[in-house]
Amino acid sequence: MEVAGQTESAAPPLTGLRNRHLLGIADLTAEEIVLVLDTAEAMKEVGRRTIKKVPTLRGRTVINLFFEPSTRTRTSFEIAEKRLSADTLNVAIASSSVVKGETLVDTAMNLEAMAPSMIVLRHASSGACHLLARICKAAIVNAGDGMHEHPTQALLDAFTIRERKGRLKGLKVAIVGDLLHSRVLRSNVLLLTKLGADVWVCAPATLIPPGLQQMGVHVTTKVDEAVEGADVIMMLRIQLERMQGGYFPSLREYFTTFGMTEARVKRAKPDAIIMHPGPINRGVEIASEVADGAASVILDQVANGVAVRMAVLYLLAGGTDEASA
Amino acid sequence: MPVVMDAERISRALTRIAHEILEHNRGLSDLALVGVRSRGVPIAHRIAGDLKQITGTDIPVGALDITLYRDDLMGASVGITPLVRKTEIPFSIDGRTIVLVDDVLYTGRTTRAALDALTDFGRPKSIQLVVLVDRGHRELPIKADYVGKNVPTSRQESVQVHLLELDGVDEVLLEGKE
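Residue numbers (my numbering), protein chains in the order written: chain A, 1 to 325; chain B, 1001 to 1178.
Just chain B, with the same shape it has in the complex:
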């Protein structure tokens, strides 16, 4: 199974993204990071750590669970309800620049759900999107502002992101056709 990114590449990509966020926003005063559960959350914390190292500023980090906003939930699904986890955004998002963080951007449906969910929390000044991997095949008009790595894939393949905090190892794998 090919390793698309190892620990070092992930770390360098996130540090680069932190610099890009700084450059793009000219300061951090009204910025907050919101990770999409599950793997967007540790990625958001790491970017916040990088931003702290670069500027000395603490950036608030929240966690967003999008399960209740999914568009495939009540359709033909087979009696399986995905686990709903807590959304924890311990700050007001009104008037803030929110940097949404997810591990993989694929169809764009998760991001659509995340945008709807965020809107229920307030009215941010703007929302930007960070993804560790963009694997293409968009089904909605959604585009990331910051990308760790573009990985061309076929729809039969699957991208597995493993992170130290949740999986004990940092790596991005591309699983082949079944």
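Bound conformation, chain A alone:
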């Protein structure tokens, strides 16, 4: 017999997020993170249907305001919005025209005048989303602000790990790469430690930000030590565009010392998974054989991003009351 849904529990159908914006993982409790991940499971099912669309956000307008280049995150948000039937609008502004402060506020005020329900913001300045959250009626979703946070990336990473490993608690997660410039690192460390993972981070000493030890992670410059017995290897991109030189002698030397090769992966658990938020620099932080290998879940991360962003948009939409006006 074909059977479905027998593991149902009668838990009280609760809740949304306490905050009406998603500015960072720092603001979320462990329970809220789990709520997002559980909701994303249901959203993933929508993506498997022939008709990949539900009417949930009908009549809501979502503005994707991107002050930095992005392929993955912007398209992922846009697909998520469309699958929930929101009206979407993309405002892409070349990074060169951006100055912090008034320009951003003015842009936001003008967009706000058109009464969007939500603004998805990516900006080169850390804290840009917090600024907009203070002045906008729309719910703000952080799609990456400077070197601060990229919460939906951390949520989709957690979703992917949980999907493969069934849990996060107690897993050894090795994060290797540019720790200094990475908002993905920050959000991931906050999330993974909240959910009880054992997090190891590794980079050349020049790319380790001060104060990282205080975030409850093991910090090392020895990649073999970080990878040893790991359940998850998460590579971070070497962010050449944010580097004004001098962090390490050459890309080739970086690859030799820190690049994820098949030999290094062998030190991890046999069923370890390889992750990367993209875009990948082949032959810099990761070998092509590893990026394309059987243990790689890099494209699953991209696929899961849509479901996770649908979950975030859904949970935040319930929290805004302007639709009743």
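Keep in mind that the hints were calculated from the coordinates and are not lab data. None of these values were measured; they are calculated from a predicted model. Please note: incorrect hints may appear among the correct ones.
Claimed, not checked - Cross-link-like lysine-lysine pairs, in silico, BS3-like; alpha carbons within 30 Å at most: (1) K1143(B) to K169(A); (2) K1143(B) to K52(A); (3) K53(A) to K1143(B); (4) K52(A) to K1086(B).
Once you have looked at the hints, place chain B on chain A.
Positioned in the frame of chain A, the structure of chain B alone reads:
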């Protein structure tokens, strides 16, 4: 709090409904049951069990979550988003007779949402509706094909369905005016 149905009455009602489904459809070849989460799902499984006992045929059972189709979701609601659960319909509904199963029929809005949701999965030959309790007060032109029990209620009352699978006990209660 008055008990409207006990375990035995629930069981007899569902067995009767299974017989009615058989009689009405003259066979089960293209039939499938879809329960509306949460309590429609175990009820659908029980009806499938009864149909199996009567005919020896396995009937596919799916689970439908209608949260994303609700019409009260984005209105004046107060910052609470109902939990979205997975829809699991592991078969094609195209050309099939779908028997939709829910615990209580009240305003009809859940059924409206369920019909919209089902339509997104394909084009069934027909959709029929089973409810364990019909308590009246319809706000939409919707009517059940199979009813466990009609329970006259006032709008101030609430009907609580408890099922063994989810609540540890089989009973239908009518909670009085507050």
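Evaluation of the provided hints:
{"no.": "1", "hint": "K1143(B) to K169(A)", "result": "48 Å, violated"}
{"no.": "2", "hint": "K1143(B) to K52(A)", "result": "29 Å, holds"}
{"no.": "3", "hint": "K53(A) to K1143(B)", "result": "27 Å, holds"}
{"no.": "4", "hint": "K52(A) to K1086(B)", "result": "14 Å, holds"}
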